[in-house]
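K.L.:
So the protein sequences, as listed, match chains H and G. Sequential numbering of the first sequence, starting at 364, is according to the working numbering. Sequential numbering of the second sequence, starting at 250, is according to the working numbering.
It is worth saying that the hints were derived from the structure and are not from the lab. All values derive from a computational prediction rather than experimental measurement. The reader is advised that the hints may include incorrect statements.
Taking lysine to aspartate or glutamate pairs in the EDC-like style, the calculated list, with each CA pair at most 16 Å apart, reads [unchecked claim]:
#, chain 1, residue 1, chain 2, residue 2
1, G, Lys380, H, Asp368
2, H, Lys531, H, Glu513
3, H, Lys619, H, Glu513
4, G, Lys320, G, Glu285
5, H, Lys619, G, Glu379
6, G, Lys377, H, Glu513
7, G, Lys377, H, Asp368
8, G, Lys316, G, Glu338
9, H, Lys619, G, Glu285
10, G, Lys323, G, Glu373
11, G, Lys320, G, Glu283
12, G, Lys320, G, Asp371
13, G, Lys316, H, Glu646
14, G, Lys321, G, Asp290
15, H, Lys619, G, Glu283
16, G, Lys316, G, Glu272
17, G, Lys321, G, Glu285
18, G, Lys320, G, Glu300
19, H, Lys619, H, Glu646
20, G, Lys321, G, Asp371
21, H, Lys426, H, Asp368
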Amino acid sequence: MRLSDFHSFFIYVFFGYFFIFPAILICLKVFNIRSPLQRMQLYLLGLATPFAGYALYHTILTKRCQAGVYPAGPGWMLFNSFCRLGTAAVRYLGPALIVLLIAGILKAVASALLVNRMRIRAVPMDEQQRNRVMRILNIRSSALNIGVPEVIFSGRDGFAAFAAGVFKPVIILSTNLLPQLSERELDDILTHELVHICRGDTLRGWLLYFLRDAMFFSPFSRILLNRYLQENERLCDRETVNLTGNSRAYAATLVKVWRLLLHDREMRLGLAFGFTGGKNDLEQRVTSLLGDFRNEKMLPAVLFATLLLAVFSGTVLYLGFIC
Amino acid sequence: MKHVPTDFKPGMQGLNKILGNLESDIMDIIWRVECEVCVRDVFEELASRREIAYTTVMTIMGRLTDKNLLKKRKEGNTSYFVPAMTREEFAENVVVNVVDSLLEDFADATMAHFIARVGNKDRETIAKLEKLLADFQDGEDDEAK
């Protein structure tokens, strides 16, 4: 494989999103797809297809230029300019891509380092609080059919709880908020993190960010990943409510914790070193929880699979015309 | 771990990397004195170097107390302040927070939060959602009746 073989990667990704992104938006609108799971699957398809198209055209499928089929007239000029653009991208964007891919791998290492630092700096918890947490974790882990993950009690500010660690996720729980949470609220938070662990979201998140970074030169990769993550949170919220039983109470927990974190942030200056953070979609999560999501209909499986296949095939065909 | 402000400005010098100009001057005085001080004590020290209002010093010292850099004790009408931590503890906490935040930001892709980082203008949205929750609760109560 030569360096010039990679030129089509940049073309497929950059131009591929101009096709697949509107296609996804149209599908969501026309078929009124409201299920977070199906929306996630569409966004994931959008994220991965240009990459998959590149893989297909370098393995199974034959590219137009390999088959010796060239458009005539102005089509040839456009075709040629795409190839030149791709070749220039290899030269100028290629080094950045390599750096980002290495950084992507190092993120897994950073995650392990962070968990270890949190573990070393863990604050001792009194027996009552610890038992309170472990009781909930034992019950909910059993319900989800997973092992009880390690819990690290952290005195750091700025968060309630998060699951961290790519291959063996742990739950990091803020001790600052713990005394301010009722039993039910703590149950909501811990169950939500267990759902993330059960779904393998820390590993999947790492892979998807890796994929997004590989396509850093297109803003659509970032948009699609953000939307995927938003729907993922909505799905996790719903699975949490399925276990805890009260969507309004869970929504109230979200709002309360949000308020506590905001108050905490206003009491001190925020961390200045690049908390890019995620887009705060809490408003969408809360209004979704208060809606009638239990009666929300999913698109029939066969129809949805056909839709996914159509979008995928259409994009791959389109890519074949481009380069 | 204690709350520690960590607005890190690498281009500044000394305490000014972390705190505002006046905040760092006040903390510098209080750390040097090594005993309880009141607002008047700090004001007189600062006023000898620059033009400053008493109320400004009072406000800043109140803010430093909110940030858990100072502890306050009230005796009658006078408040006395001591540092909540030594200069070295403060520096250590800042370093730890900055390193942790760098690590956390870099590893953000591998984490799944209950709530992502809060924004600056969320207060109105929170109020709106709390009202929505209250209305939802009222609706459920009416249906139950």
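K.L.:
If you draw a straight line from the CA of lysine 316 of chain G to the CA of glutamate 646 of chain H, is it 16 Å or shorter?
P.N.:
The hint is violated at about 29 Å.
K.L.:
Quickly compare the C-alpha distance for lysine 377 of chain G and aspartate 368 of chain H to 16 Å and report which way the hint goes.
P.N.:
54 Å, violated
K.L.:
Decide if the proposed pair is consistent with the structure: lysine 321 of chain G and aspartate 290 of chain G, CA atoms, cutoff 16 Å inclusive.
P.N.:
With Cα atoms ~14 Å apart, lysine 321 of chain G and aspartate 290 of chain G stay inside 16 Å; holds.
K.L.:
Check whether the Cα positions of lysine 619 of chain H and glutamate 283 of chain G lie no farther apart than 16 Å.
P.N.:
40 Å, violated
K.L.:
Between lysine 321 of chain G and aspartate 371 of chain G, is the straight-line Cα distance small enough, at 16 Å or below?
P.N.:
30 Å, violated
K.L.:
Within 16 Å, alpha carbon to alpha carbon, are lysine 531 of chain H and glutamate 513 of chain H?
P.N.:
9 Å, holds
K.L.:
Tell me if the straight-line CA distance from lysine 619 of chain H to glutamate 379 of chain G falls inside 16 Å.
P.N.:
Distance ~9 Å between lysine 619 of chain H and glutamate 379 of chain G Cα, so the pair holds.
K.L.:
Between lysine 619 of chain H and glutamate 285 of chain G, does the CA-CA distance stay at or below 16 Å?
P.N.:
Violated. Lysine 619 of chain H to glutamate 285 of chain G sits at ~38 Å, over the 16 Å cutoff.
K.L.:
Does glutamate 283 of chain G lie within 16 Å of lysine 320 of chain G when you go C-alpha to C-alpha?
P.N.:
13 Å, holds
K.L.:
Taken at face value, is the distance from the CA of glutamate 285 of chain G to the CA of lysine 320 of chain G at most 16 Å?
P.N.:
10 Å, holds
K.L.:
Tell me if the straight-line CA distance from lysine 321 of chain G to glutamate 285 of chain G falls inside 16 Å.
P.N.:
9 Å, holds
K.L.:
Given the hint that lysine 380 of chain G pairs with aspartate 368 of chain H, test it: the Cα-Cα distance must not exceed 16 Å.
P.N.:
58 Å, violated
Comparing the model with each numbered hint stated earlier shows that hints 1, 3, 6, 7, 9, 10, 12, 13, 15, 18 and 20 do not hold.
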